[in-house]
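Undergrad: Taken in order, these protein sequences are the chains called A and B.
Under this note's numbering, the first residue of the first sequence is numbered 213, with each subsequent residue one higher.
Under this note's numbering, the first residue of the second sequence is numbered 26, with each subsequent residue one higher.
Everything labelled a hint here was simulated from the structure, so no lab data went into it.
Nothing here was measured: the structure is a model prediction, and the numbers come from that model.
It cannot be assumed that every hint is accurate.
[Said to hold, decoys possible] Here chain B is said to cover these stretches of chain A; the calculated rule only asks that three of the stretch's residues, wherever they fall, bring their Cβ under 8 Å from a Cβ of chain B: (1) 227-241; (2) 403-415.
[Said to hold, decoys possible] So the derived label-pair ranges between C-beta atoms look like this: (3) A:Pro656 with B:Arg39: 56 to 66 Å; (4) B:Arg39 with A:Glu655: 26 to 36 Å; (5) B:Asn43 with A:Asp546: 25 to 35 Å; (6) B:Glu120 with A:Ala468: 15 to 25 Å; (7) B:Ala173 with A:Asp424: 27 to 37 Å; (8) B:Arg63 with A:Leu493: 36 to 46 Å.
[Said to hold, decoys possible] Covered stretches of chain B (chain A as the covering partner; in silico rule of three or more C-beta atoms under 8 Å from a C-beta of chain A): (9) 52-60; (10) 131-138.
Just so it is clear, CB atoms sit at the ideal spot from N, CA and C, and this is done for glycine as well.
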Amino acid sequence: MSTFLGRLMPRRIAAQSAAVVIASMALIHLAITAHLWLAENRAEDRRRDFVHAWTLVRMVTAAPRGEERERMLAGVARAYPTLEIALSRSPPDGVGTAPVAERRPPLPPFVAIDPGVRVVALAPEAGGAASSSLGAGPPGPFGGPRELRFAVGLADGDWIVFTDRPPPPPPFLFGPWGTTIVFVVLSSALLGLWAARGLVGPLRALAAAARDFDIEADPAPLPARGPEEVRVAAIAFEAMRRRIRTLVEDRTRMLAAMGHDLRTPLTRLRLRSEFVGDDGLRSEIQRDLAAMNAMIDGALTYLAEGRHREAVGLVDLSATLQTICDGWTDLGRDVTFEGPEHLVWRVRPLAIERAFANLVDNALKFGTRCVVRLGESGDHVVATVEDDGPGIAEAEREAMLKPFVRGDTARNMDDSRGFGLGLAIVKAVVDGHGGRLGLEAVEPHGLRVRITLPTAAR
Amino acid sequence: MTASPHILVVEDDREISNLVTRYLRANDCRVSQAANGRAMDLHLAEGRFDLIVLDLMLPGEDGLAICRRLRRVRRIPIIMLTAKGDPLDRIIGLEMGADDYLAKPFDPRELLARIRAVLRRVRDAAEGTADRTARRHGFAGFDIDVVARRLTDPGGAEIALTGAEFDLLLALVERPGRVLSRDRLLDLTQGRAAGPFERSVDILISRIRRKMERDPHRPEIIRTVRTGGYMFAVDVETS
């Protein structure tokens with residue numbers, strides 16, 4: 213049933229809006245028709261008027277011929293504007309050509325006729341033959357009451373012509389202007405309803421799909437309903453998403469392959485360096501090799517982050533941060549951890565460890581001491597990594613979070629990291645957890661990286 | 026390590042293979058070379074080897090497949106070499122049956138240290154002092170995954186440990202109820218992650234306790250023995 217209706221439904225926006233306007237026109241017509249039908253069938257009132265008027269006319273006929281009768285009749289006519297009552301001195305047209313008995317209209321049984329009074333049906337003005345029914349003229353469109361016309365011949369030769377016309381239908385809703393306004397309101401209301409349900413909904417779903425655009429995740433369900441234009445846009449959007457994904461995948465694969473291929477000569481160099489006799493030269497070569505390897509590692513890590521997302525699991529963050537700090541303490545660096553004994557949170561274990569290791573690494577590269585703090589606040593954890601280095605100028609903080617962007621000279625003294633990926637990797641990890649990363653200044657100098665992780669990682 | 030160990034290097038890059046061979050020979054090892062899985066099979070058919078250094082990326086049959094195949098027939102120790110640094114690859118490699126794992130480019134000293142550590146573990150296993158086939162140890166609600174080198178608490182939360190901490194804990198867990206001197210513990214854990222800044226056993230123990238014990242000042246899991254040593258004091262379930 214619904215599929216049948218669905219097939220009948222116009223698909224394009226123009227056709228759909230036209231259909232809505234046509235539907236509202238049909239509704240207005242239906243309303244007007246119903247209105248007329250009700251008006252025509254309000255016959256009871258007319259019959260009462262007619263009986264009243266007839267009674268009055270009988271009183272008029274009792275009045276003496278002349279001015280008195282005319283005055284009274286005029287009064288009756290004024291009292292019943294729907295009835296046309298006219299007095300004539302001579303028989304009206306159409307009277308006397310047929311025998312009176314046959315021309316007598318079948319007045320309702322409660323209409324009394326005085327003796328000596330002739331009642332002759334007349335052909336209705338609207339056309340048609342004199343009829344022997346109460347209604348004479350053509351019936352209304354809904355079979356309502358007809359026009360009734362008859363002459364009453366009084367004994368003294370005066371004639372009273374009675375014309376009972378069905379009243380013109382009352383105007384529909386305050387006349388043509390009202391009808392127009394109602395039509396406009398109705399059609400725009402229907403258009404609005406259609407737009408809200410049939411157009412805005414699918415468009416909103418498309419917009420949501422665009423907003424949640426994620427190259428890694430499976431495609432968000434695109435709107436399957438809605439006008440054809442929206443569906444075409446959705447399909448085009450999906451195609452674009454696939455193209456971007458292919459592009460990114462190709463780029464990632466290329467870089468990963470480059471990284472992999474670089475590792476082989478790097479390994480050879482590293483092994484060869486062991487046979488360099490000069491100790492100073494050997495250690496310099498090995499330091500450069502380590503720097504190169506760190507750069508490749510950083511780039512590959514950044515590319516991998518989010519691509520092969522590890523599963524979320526319960527992790528004791530205190531133990532993780534403590535372990536990182538201990539590692540540096542063992543190397544003789546001033547790194548302290550302040551936080552609870554245990555703080556278990558749902559995170560991606562390796563990614564989080566990598567992120568904080570990067571931060572502490574960075575802090576010690578630019579400062580002499582590092583403080584890592586961990587705390588729980590409501591429904592999220594806050595971790596800060598603080599150093600006493602030169603810090604990052606406020607204007608540069610945004611840029612520092614982008615991959616392959618290097619800081620100013622102060623943050624660029626050491627080339628061992630390269631590519632400026634440290635903070636970008638951390639940002640990618642935090643984003644992957646649905647968390648926030650902020651950079652703050654420490655007084656008198658230094659940088660504090662503040663990481664907030666929500667309860668449920670995405 | 027009474028006699029010099031016989032090592033088979035399976036590596037397709039001839040340069041790397043030669044350099045590794047040269048370094049290991051200079052450090053009192055007998056070394057044979059194979060460029061692929063088939064050459065390796067020929068060597069294994071002819072001679073006895075103590076350990077295989079296996080490259081992950083090999084032409085034809087790759088390192089993982091070779092590792093799985095070897096594990097089905099014999100328990101020869103394997104150290105995997107790979108260009109991938111992804112820790113997940115490492116876990117896969119270890120689950121395939123490798124005894125250890127080293128990412129390229131590596132310090133040849135590190136390779137030598139790991140070769141010695143693996144050989145020592147094999148020797149210990151042969152002497153029956155430790156179960157080398159164990160994959161999981163459970164105690165007091167904690168769980169140690171030997172392959173993935175992960176420790177989880179009774180609530181299932183992962184507890185980070187450094188390599189040295191993990192090795193020390195494993196050495197204790199593998200010998201519950203036995204008093205182990207500091208020297209013995211050092212001996213059992215040496216080789217992996219050993220370096221000039223290696224902390225003393227006492228500091229490692231206190232770090233492990235802080236992460237695991239309910240009250241680190243009154244330890245219930247790892248007890249200090251007055252005569253100079255430590256003892257793992259809770260029951261261990263090994264699977």
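Undergrad: Against each hint, give a clear statement of whether it holds in the structure.
TA: These are the hints, each one checked on the structure:
no. : hint                               : in the structure
1   : 227-241                            : violated (count 0)
2   : 403-415                            : violated (count 0)
3   : A:Pro656 with B:Arg39: 56 to 66 Å  : holds (57 Å)
4   : B:Arg39 with A:Glu655: 26 to 36 Å  : violated (59 Å)
5   : B:Asn43 with A:Asp546: 25 to 35 Å  : violated (44 Å)
6   : B:Glu120 with A:Ala468: 15 to 25 Å : holds (22 Å)
7   : B:Ala173 with A:Asp424: 27 to 37 Å : holds (33 Å)
8   : B:Arg63 with A:Leu493: 36 to 46 Å  : holds (40 Å)
9   : 52-60                              : violated (count 0)
10  : 131-138                            : holds (count 3)
Going through the hint list in order, the structure does not satisfy hints 1, 2, 4, 5 and 9.
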